[in-house]
Amino acid sequence: MTEPLLSVRDLVVEFPTRRGMLRALDGVSFDIAPGEVLGMVGESGAGKSITGAAIIGLIEPPGRIVRGEIRLAGERIDNLPPEAMRRIRGKRIGMVFQDPLTSLNPLYTVARQLIETIRVHLDMSEAEARAHAIGLLDRVGIPAAARRIDDYPHHFSGGMRQRVVIALALAAEPELVIADEPTTALDVSVQSQIIDVLKEICAERGAAVMLITHDMGVIAETADRVAVLYAGRMAEIGPVRDVILNASHPYTSGLMASIPTLVQDTDRLVQIPGSMPRLNAIPSGCAFNPRCNQAFERCRIEQPPLIDVAPRHAAACWLAEEETKNDG
Amino acid sequence: MLAFIIRRIVQSALVMLVVALVAFALFRYVGDPISSMVGQETSLADREALRTTLGLNDPFIVQFGRFIGNAIQGDFGISYRLQQPVMELILQRLPATLELALVSGLAAFIFGVSAGVYTALNRRGFLSTGIMAVSLIGVSLPTFLIGILLIWLFAVELQWLPSFGRGDTVALPGGWTTGFLTSSGRQSLILPAITLGLFQMTLIMRLVRAEMLEVLRTDYIKFARARGLSNRTVHFGHALKNTLVPVITITGLQLGAIIAFAIITETVFQWPGVGALFINSVRAVDVPVMAAYLVLIALIFVIINLIVDLLYYVVDPRLRVERGAARH
Ligand SMILES: Nc1ncnc2c1ncn2[C@@H]1O[C@H](COP(=O)(O)OP(=O)(O)OP(=O)(O)O)[C@@H](O)[C@H]1O
Ligand code: SF4
Ligand SMILES: [Mg+2]
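Residue numbers (the working numbering), protein chains in the order written: chain A, 1 to 328; chain B, 329 to 656.
For reference, chain A alone in the conformation it holds in the complex (with noise of 0.2 Å):
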């Protein structure tokens, strides 16, 4: 196999609060290889966008990695110098935000937006910058770029906005790009586009892409591959085809349960019971055993480790292991 593009190991991010240490992510390890989607999946506060905050190593003080490691492309990048890690920001990983109406700077027309971005990261002139950005806004769809350049993003609409915050993340040719949830924000109508418009510049680029997303239906459409976060720790993590025909994890059954556009009997669509614990108060074991319907006497002593359910497909349950077991 490849050298993974990026590559984190047994990550632990912490955050100090006045009741105690929170543990926001808990041991994860994921690859992501070089041109490949890799899918996000979790209910909110499982730890999404702290790994992306980490990976391009924004967490918010007094947040912190306290173990494991980063690499992009062999390099550990979590213990870089500020202004090292700055120029790896923008440059070799670009980042999508939820929210293109916020995304911007309201004062600053979006041509001053990706010059000084361009500009950052690319030795070129300011004339050179702006025919560039121009390029890039055509690219992402913006009709009459080259006039539409000295609006003020206060000029666009959501879907329009996205498309600009997508034009400035790849301004650099970065070979991973980050996209935390970017169409939730948006209307229903646009948001496939947007998601397509991401997909073909980064597949036309040879870039990476971590997709978070609530969408399994979008998942099943563009990621390779998925990764199943809950309450801070993989759940399951595997090629997308296997993980939504043979969910390893009583988690990520739940969840392709719940999704409509995976379920053609809409009576069978099913919440799993409960929610996902606190941070300080995850329980022993699994963090999914209260809510588990094959939870077992081990579930609430021992944390399962990622067990190979399938070549490049694993799964953190004891179920997982007795069928390992059994079949060899």
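I should point out that these hints are in silico values taken from the structure, not numbers from a laboratory.
Among the clues, some could well be false.
Said to hold, decoys possible - List of simulated lysine-lysine pairs, DSS-like, C-alpha gap at most 30 Å: (1) B:Lys569 to B:Lys550; (2) A:Lys91 to B:Lys550; (3) B:Lys569 to A:Lys199; (4) A:Lys199 to A:Lys91; (5) A:Lys199 to B:Lys550.
We have chain A; now place chain B with the ligands onto it with these hints.
Then chain B with the ligands, alone, in the frame of chain A:
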């Protein structure tokens, strides 16, 4: 844009009309104008005759109209106390007040913004904590006490700076007298300017700090960092400008307040400005001067407000809503 300006000017004119009404009521009904002009021994018949010649028996609306007509031409009558045209008295003293207000306003703005930005960026720093503590004293000590303390320290104990007056002034063409051109004039300005500006400075500082902290939490700042912009660009290019939008309004109004509050400082430092003139006029129930002062201060407030609104308009592109601007 033009419609906006016209609307604001009409509003300003209305405000001035209301203030003029109050000033007129003060002028006309506080004390008896006639007894202020004539001696004790004037007979009732003579008084009544004078009343008629002065138009004091005309209907209210006619008198008010006359008052406004005169006021627009700068005619506020004769001071009872000094037997000089009121406008002349005010114009003589206006330069002293305006120079004092300008210097302290400018100093308050420059130091207030710098300290506010510094404490917002170095929130937990040693110096920031110190500045915040000192600023608490700044807001809680009354102006006259600050003035007296400064006089005691710098004029009495250290004998570095003069304790009262305006020093030597130079007459400029147009009837303006300035203290900026002589060293005694500049030295005399320092203590009153600090006294007058300290409160506004701490106010601006706290406002800038709070506003900046707010802005630093916004998505567009996070996105600016995620694009790899330097701290310098993020802080001073993106955050500061957004911070200053709301600060402009308050600061502008503060300038009006500085001119109004100059009364206290001018009294403490025997500064020959309009504030001191007003206080002396109140003591002598010199109603024409009081009325004129009221109108003048209101006029300054209204003009500053107008300028602030226009500035706001220039700084914030979102307010420049051209017709059909929200294109899609
Ligand atoms: N600044 C912070 N201080 C304390 N805890 C935080 C902070 N930021 C995030 N957390 C905690 O980290 C956990 C993970 O947050 P994260 O934003 O990654 O969730 P998420 O999976 O992205 O959820 P969502 O779908 O709502 O975006 C949350 O439980 C949250 O309480
Ligand atoms: S480990 Fe146990 S509790 Fe956890 S998901 Fe598997 S069966 Fe359920
Ligand atoms: Mg999130």
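Now the hints, each set against the structure:
{"no.": "1", "hint": "B:Lys569 to B:Lys550", "verdict": "holds, 16 Å"}
{"no.": "2", "hint": "A:Lys91 to B:Lys550", "verdict": "holds, 16 Å"}
{"no.": "3", "hint": "B:Lys569 to A:Lys199", "verdict": "violated, 35 Å"}
{"no.": "4", "hint": "A:Lys199 to A:Lys91", "verdict": "holds, 18 Å"}
{"no.": "5", "hint": "A:Lys199 to B:Lys550", "verdict": "holds, 23 Å"}
In this structure, the one hint that does not hold is number 3.
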